[in-house]
Amino acid sequence: MSLRNRVAVIGVGTTAAGTMPGHDAYDLGLIAFKRAMEDCRIKRTQIDGLIVNRIPDYQRFAEIAGMDPHFALVTPGQGRMSGNSIEIAASAIEAGLAHTIALVYGNNGKSAGDQYGGEGDRYGGGGVGPWFPYGMTSPGAAHAVMFQRHMHLYGTTSRQLAAISVAFRKHALLNPDAVMKKPITIQDHQNSKFIAEPLHLLDYCLINDGSVALIVTTAERARDFPKPPVYIRGFGTSTKLVNSSLPPDDFWYAPMQHVARQTYAMAGVKHDDLDGLMIYDNFSPTVVFTLEGFGFCRQGEGGPFVENGRLELGGDFPSNTDGGHLSNSYMQGWALNAEAVRQLRGECGARQIKDAKLIQYMCAAPLVTSVIYGTDL
Amino acid sequence: MNAPYTKPLPAIDDRNRPHWAGNAAGELRVQRCDDCGTPRFPASRWCPHCLSENTSWQTTSGKGQVWSWCVFHRAYFKGFTDDLPYAVALIELDEGVKIYSNLVGIPREQIRIGMRVRARFEKVTEAVTLVKFEEDK
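Those protein sequences? They're chains A and B, same order as listed. Going by the working numbering, the first residue of the first sequence is number 1156, and it counts up by one from there. Going by the working numbering, the first residue of the second sequence is number 29, and it counts up by one from there.
So here's chain A without its partners, still in its complex pose:
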């Protein structure tokens, strides 16, 4: 039985990304949740499921939000879990555990002074600790090691990564809520300081405060709400967790191929049917790995593929039209999923993809996920 178009997103709420001192993850989540409810004019009593992410505890959040849902879950505060949480919500609705689920994400990383390297580096459940005596730490450095190898195997260049950063920055300039407001050039990227070489500062995502909420329900119920439903047309998950404290040999190609097969089959679409992409861009090389893994180009050809504006509005595959993690804010995939919904509703103003009908979200990580959204049944 296919889950194609069985569940739809009816409400979206976000905060502008930036610094929001005095708000913890619960507060931030509640703000987005209220906005998502206003967006679809739903009453809290109509929501019978709750999934929170990065917000530490579902019990406390539900207490603050005044809810007693029939289905409640917290997922780990890792970006790869955004797509996964959306899939769990769709599956739970299809299974009848709930009919309408609020997904609420709150991130106070900036105000909390979160660091993704050093003694507090808990990547892979703390599996990276043994490398600290050699100065190895941070997801950014792990991606630098991966990209160095990609350069070696396929001749990919830092200038090709710059094309990604420039594309997403152009989009951020069209998004009033995005953190980054200044245009950049390829040369600006090349001149920006190295953090973990070969990666420059402009290859890194932006740690900020912010929140996102999505409300999903059955396709049947979705038609009763004011805005056009955005259907969850296909999705999939796979993993590469064995030895995942070290970089994968294949840039997660194998699990991405699995997810691609599953997701495109469920959605019944091909690459060329897609009007836009939302690509998890914690670091710019991830975009290259993702485009290869999902078959937009052959393995090793991701570098040339992203050049010449292909990912920009007006290009073949406009991507991360909100500015992405690189130039909007690191909302761990959630803002990209919200952007997909808004694009398909035609709500994106200056950054609107014309006549967008199908958009795919993808996340390359030890746990790979993808969701394809569509306007039509």
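Source of the hints: derived by calculation from the structure; they are not laboratory data. Honestly, I wouldn't trust all of these hints.
[As the list claims (entries may be wrong)] Restricting the straight-line Cα-Cα distance to at most 25 Å, the calculated cross-link-like pairs of lysine-lysine (BS3-like) are:
hint : chain 1 : residue 1 : chain 2 : residue 2
1    : B       : 126       : B       : 35
2    : A       : 1425      : A       : 1512
3    : B       : 106       : A       : 1265
4    : B       : 160       : B       : 126
5    : B       : 165       : B       : 106
6    : A       : 1382      : A       : 1509
7    : A       : 1336      : A       : 1348
8    : B       : 106       : A       : 1348
9    : A       : 1348      : B       : 35
[As the list claims (entries may be wrong)] Cβ-Cβ distance ranges computed for the label pairs, FRET-style:
hint : chain 1 : residue 1 : chain 2 : residue 2 : range
10   : B       : 91        : A       : 1405      : 21 to 29 Å
11   : B       : 136       : A       : 1336      : 50 to 58 Å
12   : A       : 1336      : B       : 163       : 44 to 52 Å
For every residue, glycine included, the Cβ atom is placed at its ideal position computed from N, Cα and C.
Let chain A serve as the given structure and place chain B on it in line with the hints.
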């Protein structure tokens, strides 16, 4: 008197102690499953390949190649501040196990993926000897 050592030190426990004792003795030791023979590192209780708990420590050749590497321009650990920029390499040992470490005596512009390297040992405190790698010519 030497300046105090300020870089992160390993958490040595009963499980990983043979590795650190090996370093002190000038041998690079990794775990090897007694049942299926699969080598592994860092130390773990269970063999991820066959889930056996039976394990021994094997002295490796200490030889391998640079699988990839990066250069830190930011000190996430205070003790590394004076080393910036410093390289970290992921070494693939000939026994098939990968290990992050540092390269000694190889200028950064000469580091190459596939470069042959061999272990050398560097005593940094009374209790801790690190394993680093130099070019194996």
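* Numbers of the earlier hints that this structure fails to satisfy, in rising order -> Of the numbered hints given earlier, those the structure breaks are 5 and 11, listed in rising order.
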